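Chains as they are written, first to last, in the working numbering: chain A, 1 to 116; chain B, 1 to 362.
Don't read these hints as lab results, they were simulated from the structure. Given the structure is predicted, the values throughout are model-derived calculations rather than measurements. Heads up, some of the hints might be wrong.
Cut-off 16 Å, straight-line C-alpha distance, at most; resulting in silico cross-link-like pairs (EDC-like, lysine to aspartate or glutamate) [said to hold, decoys possible]: (1) B/K119 / A/E100; (2) A/K91 / B/D131; (3) A/K35 / A/D79; (4) A/K43 / A/D82; (5) A/K43 / A/E70; (6) B/K119 / A/D82; (7) A/K91 / B/D137; (8) B/K119 / B/D182; (9) A/K81 / B/E80; (10) A/K69 / A/D5; (11) A/K81 / B/D122; (12) A/K43 / A/D62; (13) A/K43 / A/E25; (14) A/K91 / B/E134; (15) A/K35 / A/E70.
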Amino acid sequence: MFISDDSDWDPSKPETQEAYKRVGEWFEQHSKSGKITGGEELKSTTTATTVRQRNGKISVTDGPFSESKESIGGYALVDVKDLDEAIAMAKTWPVLSTIEIRPLVTHDAPSARLEP
Amino acid sequence: MQDALVAALEHWPREGIPDNPGAWLMTTARRKGIDRLRREARYRDKLAQLQEEPMQRSPAGGDERLELIFACCHPALPRESQVALTLRSVLGMTTAQIARAFVTPEATIAQRLVRAKRKIADSGIPMRVPDQSELPDRLAEILAVLYLLFNEGYVASASPERRGLAEDARWLAELVVRLMPDEPEAIGLQALMALQLARAAARFTSDGRLVLLQDQDRSRWDRQAIAGGLALLERAARMRRSGPYQVQAAIAACHAEATSWEVTDWTQILMLYEGLVRMTGSAVVRLNRAIALSHVAGPARALADVDALSDELDRYHLLHATRAALLRDLGRPDEAREADRRALGLTENPAERALLMERIGR
Chain A
1 MFISDDSDWD
11 PSKPETQEAY
21 KRVGEWFEQH
31 SKSGKITGGE
41 ELKSTTTATT
51 VRQRNGKISV
61 TDGPFSESKE
71 SIGGYALVDV
81 KDLDEAIAMA
91 KTWPVLSTIE
101 IRPLVTHDAP
111 SARLEP
Chain B
1 MQDALVAALE
11 HWPREGIPDN
21 PGAWLMTTAR
31 RKGIDRLRRE
41 ARYRDKLAQL
51 QEEPMQRSPA
61 GGDERLELIF
71 ACCHPALPRE
81 SQVALTLRSV
91 LGMTTAQIAR
101 AFVTPEATIA
111 QRLVRAKRKI
121 ADSGIPMRVP
131 DQSELPDRLA
141 EILAVLYLLF
151 NEGYVASASP
161 ERRGLAEDAR
171 WLAELVVRLM
181 PDEPEAIGLQ
191 ALMALQLARA
201 AARFTSDGRL
211 VLLQDQDRSR
221 WDRQAIAGGL
231 ALLERAARMR
241 RSGPYQVQAA
251 IAACHAEATS
261 WEVTDWTQIL
271 MLYEGLVRMT
281 GSAVVRLNRA
291 IALSHVAGPA
301 RALADVDALS
311 DELDRYHLLH
321 ATRAALLRDL
331 GRPDEAREAD
341 RRALGLTENP
351 AERALLMERI
361 GR
């Protein structure tokens with residue numbers, strides 16, 4: 001998950017254009033090597049709507065779920081052998097931001113059929 | 001092929017570049033194909049070792065232990081868990097001993113261990129020696145663990161057989177240095193351990209009582225081991241990147257080179273401690289600096305420094321034992337006895353307890 005302060009992310013700025021280019025190259029490079037299997041960029045938190053269920057009540061409000069200045073700007077699904085490989089990839093991410101790495105929950109089929 | 005390159009990065013620094021690197025890579029690439037299939041199963045085995053009792057030591061298990069240590073000291077784990085996990089999983093220290101080494105309640109350590117094991121399993125922390133590019137950062141974590149481990153063994157908490165831990169730590173430090181020969185701090189730590197262990201024979205009487213440095217029979221120090229430690233320290237110093245372990249080794253060297261307690265170069269030792277305080281800011285280091293200061297500027301100045309640390313190190317027995325020694329020098333025996341009693345209540349080390357009881361009874 002790519003986390004950044006999205007007030008810094010102004011598409012009209014040339015720096016942002018440049019950053020987009022580098023991000024595109026990063027995705028391309030790692031997709032070619034087969035490490036990236038999916039991923040999306042999210043629009044800025046100004047477009048966010050939050051739906052909350054609390055105490056049996058549902059509320060719909062404008063804005064992101066967290067008041068933090070930082071928010072999730074997108075994610076990439078990666079297929080790597082271990083955390084070290086994921087960290088190595090994250091270190092090559094070409095723009096200033098925070099990256100949170102988490103494993104996917106896999107609902108494995110019972111492996112009993114592999115047993116003799 | 002990529003796996004083979006990774007293997008090359010891992011093996012060549014350790015074993016040297018093979019005569020025919022191209023052929024080695026191809027052979028390894030094939031073997032790695034098989035390895036990949038085995039990896040998951042092997043990882044699960046290793047993980048099982050981690051979950052269960054401390055791993056059994058096998059004579060050829062050196063590198064396996066190192067892999068396990070790298071996993072235990074992974075930066076994705078909180079620092080304090082790295083240390084606890086390594087001590088627990090690789091060397092079999094009990095939760096209680098770890099708790100004492102950290103001056104932390106036992107329940108906290110137990111919880112730390114459970115969380116750390118869960119994180120290793122759930123987040124895919126690998127059981128392998130990291131790539132060359134990651135080694136320096138990962139090394140710092142390992143050195144901190146080995147240092148704690150060495151101290152646990154050297155001070156011999158709980159029972160004399162734990163003293164073997166210091167040898168284990170030295171052995172692991174030596175292995176790390178062999179793996180990363182250009183890291184002065186790793187060499188510095190190995191030098192420190194060598195210099196301390198060289199004096200080990202004189203530190204206890206035959207019936208297991210602790211002998212303080214000033215009372216030790218210096219003819220029982222291992223001169224050859226001291227020379228070895230000094231050579232290591234010089235080798236590290238030539239790399240011109242100083243650090244806390246090298247400075248501590250230099251302090252140990254000052255003691256080891258002194259032919260008697262009286263000729264100890266306390267000014268030099270105090271200067272080294274000043275440097276160490278600047279590097280680490282640690283309260284325990286400031287306590288040690290105060291001891292050096294007492295030999296240079298007298299017990300009154302030192303006691304003021306020790307008293308300034310008494311909140312921070314209230315549960316550290318050596319703070320109270322140091323206070324006691326200084327108070328005794330200042331002719332305040334009643335307060336000294338009281339401080340020794342505080343120290344006694346904070347250590348379970350039988351050798352330290354015996355020494356403290358003797359001082360209280362005197």
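These are the hints, each one checked on the structure:
| no. | hint | verdict |
| --- | --- | --- |
| 1 | B/K119 / A/E100 | holds (15 Å) |
| 2 | A/K91 / B/D131 | holds (14 Å) |
| 3 | A/K35 / A/D79 | holds (5 Å) |
| 4 | A/K43 / A/D82 | violated (30 Å) |
| 5 | A/K43 / A/E70 | holds (14 Å) |
| 6 | B/K119 / A/D82 | holds (13 Å) |
| 7 | A/K91 / B/D137 | holds (14 Å) |
| 8 | B/K119 / B/D182 | violated (32 Å) |
| 9 | A/K81 / B/E80 | violated (26 Å) |
| 10 | A/K69 / A/D5 | holds (6 Å) |
| 11 | A/K81 / B/D122 | holds (13 Å) |
| 12 | A/K43 / A/D62 | holds (14 Å) |
| 13 | A/K43 / A/E25 | violated (20 Å) |
| 14 | A/K91 / B/E134 | holds (11 Å) |
| 15 | A/K35 / A/E70 | violated (26 Å) |
Of the hints listed earlier, those the structure fails to meet are numbers 4, 8, 9, 13, 15, in rising order.
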